[in-house]
Amino acid sequence: MTNMKGRFGIHGGQYIPETLMNAVIELEEAYNHYKNDPEFNRELDALLHDYAGRPSRLYYAEKMTKDLGGAKIYLKREDLNHTGAHKINNVLGQALLAKKMGKTRLIAETGAGQHGVATATAAALFGMECVVFMGEEDTIRQALNVYRMRLLGAEVIPVKSGTATLKDAVSEAMREWTSRISDTHYCLGSVMGPHPFPTIVRDFQAVISKEIREQILEAEGRLPDAVLACVGGGSNAIGSFYNFIEDKEVQLIGCEAAGRGIDTFETAATVNTGRVGIFHGMKSYFCQDKYGQIAPVYSISAGLDYPGVGPEHAHLHDIGRAQYVPVTDDEAVNAFEYLAKTEGIIPAIESAHAVAHAIKLAPTMDKDKIIVITISGRGDKDCAAIARYRGEDIHE
Amino acid sequence: MSNIKKAFEQGKAFVAFITCGDPDLETTAAAVRAAVANGADLIELGIPFSDPTAEGPVIQGANIRALSGGVTTDKIFDLVRDLRTDITVPMVFMTYANVVFSYGTETFISTCKDIGIDGLILPDIPYEEKEEFLPICHKYDVELISLIAPTSENRISMIAKEAEGFLYIVSSLGVTGTRSEIKTDLKSIVDVVRQNTDIPCAIGFGISTPEQAGKMAAISDGAIVGSAIVKLIEKYGKESPKYVGEYVKAMKKGTIGEA
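First to last, the protein sequences are chains A and B. Sequential numbering from 1 applies to the first sequence in my numbering. Sequential numbering from 1 applies to the second sequence in my numbering.
By construction, these hints were calculated from the structure, which means they are not laboratory data. Keep in mind that this is a model prediction, so the values were computed, not measured. Positions of the beta carbon are idealized from the N, C-alpha and C atoms, including for glycine. Check the hints yourself; a few may be wrong.
[Stated by the list, open to error] In the PhoX-like style, the derived pairs of lysine-lysine whose C-alpha atoms are separated by at most 25 Å in a straight line are:
id, chain 1, residue 1, chain 2, residue 2
1, A, 63, A, 360
2, A, 160, B, 235
3, A, 360, A, 66
4, B, 161, B, 6
5, A, 341, A, 63
6, A, 5, B, 161
7, A, 35, A, 63
8, B, 113, B, 75
9, B, 235, B, 5
10, B, 5, A, 290
11, B, 113, B, 183
12, A, 367, A, 341
13, B, 130, B, 113
14, A, 290, B, 75
15, B, 215, B, 238
16, A, 290, B, 130
17, B, 231, B, 249
18, B, 231, A, 160
19, A, 341, A, 369
20, B, 130, A, 5
21, B, 235, B, 183
[What the hints assert, rightly or not] Just a sample of chain B residues kept apart from chain A, beta carbon distances all over 12 Å, derived:
id, residue
22, 139
23, 141
24, 235
[To be verified] Computed from the model, here is a short list of chain B residues facing chain A with C-beta under 8 Å:
id, residue
25, 87
26, 129
27, 147
28, 151
Next up, chain A with everything else stripped away, as it sits in the complex (with noise of 0.2 Å):
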């Protein structure tokens, strides 16, 4: 007999020391509180409307649709949004919980930065202090985004711990929230950790598919017939897949960060490769040896390069209603650089992924069929990463 709390079928849970159980409890007490106060809900609704810039456009992407010859592709445009990108629906929701909760002090981990950007500019907005873990490789591929929280008055601690990456700016956000829990409130970036952050999590980024679905039937009459969105942890994946999980017609797709590739060590597609574990408060489909050790992980994206995925999505791998896809670096630059040329618009190399996946399954689609993706950010923090991919050095 397992605790059911915060399950999704086998995956989720609270594996977490003792230390931050009662705050995980406090924190679960207050979302069930204000989740349903209407009050709560006109500030958030407003802050989301006024201030971040939702909704967010359904754009028809008729260039890339012709050009691919098959199914008709609409982009959900996340990039539009304040700070550029999603991490910002679900950071207002958050701190606006801990401004209620009574918190003075946001600390989150980031990987590509742009959750550290949203969360920095949440706590500016409130007035609160706050903290950004990431990792010291990170600090280096994204430049940019650490000048950013940086200015917005943000902490930024590069975390030099294990391989420097995501993983371990989680690892050290989790550590710093031990020692410091009374003023604080650990504003979880992803659809991961311990119960109720993956609910959490996942109810502020469903909006990204209430949104879709009003959309799309706005526009073409009918749900899509299939939703692509990138995964890491997976939270603008959750968010675009939530109100399409009983439409059993809608084809739900994850694309994963597969690196140099599947068959290779340096991947991050954890569903592809991984096995179910325990880590970082939840069980879930990780990378690892077979003592259980956390493998390093690898992808040119910043924000992808995660050992772990959100155990809402292992549980939606194991029922076989979402599909999760791997898509390597070179397909992802490859796709960077096609939607700049065709559309006009230069995606977060994290988004860059589902655009791939489109660019191969769209084809093989009628062309009366409706295919929808998540730019679940903008690009231009990746653009000097993705010159150096090419061989052009630039100065950011």
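Once you've looked at the hints, dock chain B against the given chain A.
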């Protein structure tokens, strides 16, 4: 009777933690023997984990050194088999849930029984998740040690009532590592524990001097020390067992109030 309880029968107990395989398993074996020869009443053997989220920099470093040296769960089982040829004090494993789960929870725990491990400390398994491990631990007479933290408050009695082996009381917020001062009101935590259980309780996290050990043991049944021992092993490497022995001797004196 629980073998672990025997550690607390001769008065205040000194519990020594050592990360297995740092810098190699021969040194670990020698360090354990030195600790026991100098008065350690219970040995906590750390099975290294790649991402030990409850540890401070000192034990994190030991985990990395041990894993880069090629230590594995199977090699650590062999170490325990060797230690059990002469070591009779209770020994427990301290590791993370994934090390046990990934090995196969039942295979791991039944092996613990076979090789003479008396208990298991899993810092990322709180009360809410223990049912996944507890029935298997019961089946093989391996005791699952519960932890109580400064933030446990209303949870202390619930945890203490069901605790077995001994209760690990975490002295301070944060991760493992030495601290110059321990500020938590541990006496009131121990009082609540005492109202709910007869099993012994020992205090750990942040203890490094004989004086601190004495203070902690005075209000509980013993003191647990990890980072300070691991630091000696880091500093002296293969030569560390004799320094570990000397240190344990002083700490045991402190623990029983003779410092």
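Check: Is it true that the CA of residue 5/A sits at most 25 Å from the CA of residue 161/B?
Finding: Holds. Residue 5/A to residue 161/B sits at ~22 Å (cutoff 25 Å).
Check: Would the pair residue 231/B and residue 160/A pass a check requiring their Cα atoms to be no farther apart than 25 Å?
Finding: holds (20 Å)
Next item on the list: Take a quick look at whether residue 130/B and residue 113/B sit within 25 Å of each other, Cα to Cα.
Entry: holds (19 Å)
Item checked: Hint consistency between residue 215/B and residue 238/B [alpha-carbon to alpha-carbon, up to 25 Å] -> Since the Cα atoms of residue 215/B and residue 238/B sit roughly 32 Å apart, the hinted pair is violated (cutoff 25 Å).
Next item on the list: Sort out whether residue 249/B lies within 25 Å of residue 231/B, counting only the CA atoms.
Entry: holds (16 Å)
Notebook entry, point to check: Given the hint that residue 161/B pairs with residue 6/B, does the C-alpha gap stay at or below 25 Å?
Noted result: With a Cα-Cα distance of about 20 Å, the restraint between residue 161/B and residue 6/B holds, given a limit of 25 Å.
Notebook entry, point to check: Given the proposed pairing of residue 341/A with residue 63/A, does the C-alpha separation stay at or below 25 Å?
Noted result: Roughly 10 Å between the alpha carbons, so the hint for residue 341/A and residue 63/A holds.
Next item on the list: Below or equal to 25 Å on CA atoms is what counts here, so check residue 235/B against residue 5/B.
Entry: Violated. Residue 235/B to residue 5/B sits at ~33 Å, over the 25 Å cutoff.
Next item on the list: Starting from residue 113/B, check that the Cα of residue 183/B is at most 25 Å away, please.
Entry: violated (38 Å)
Item checked: Hinted pair residue 341/A and residue 369/A, Cα distance within 25 Å -> holds (24 Å)
Next item on the list: For the pair we were handed, residue 35/A and residue 63/A, check the Cα-Cα distance against 25 Å.
Entry: The given pair, whose Cα atoms are some 41 Å apart, is violated under the 25 Å limit.
Item checked: Restraint satisfaction for residue 151/B [CB to CB of chain A, less than 8 Å] -> Since the shortest Cβ distance to chain A is 5 Å, the answer is holds.
Violation of the numbered hints given earlier is confined to hints 7, 9, 10, 11, 15, 21, 25; the remaining hints are satisfied by the structure.
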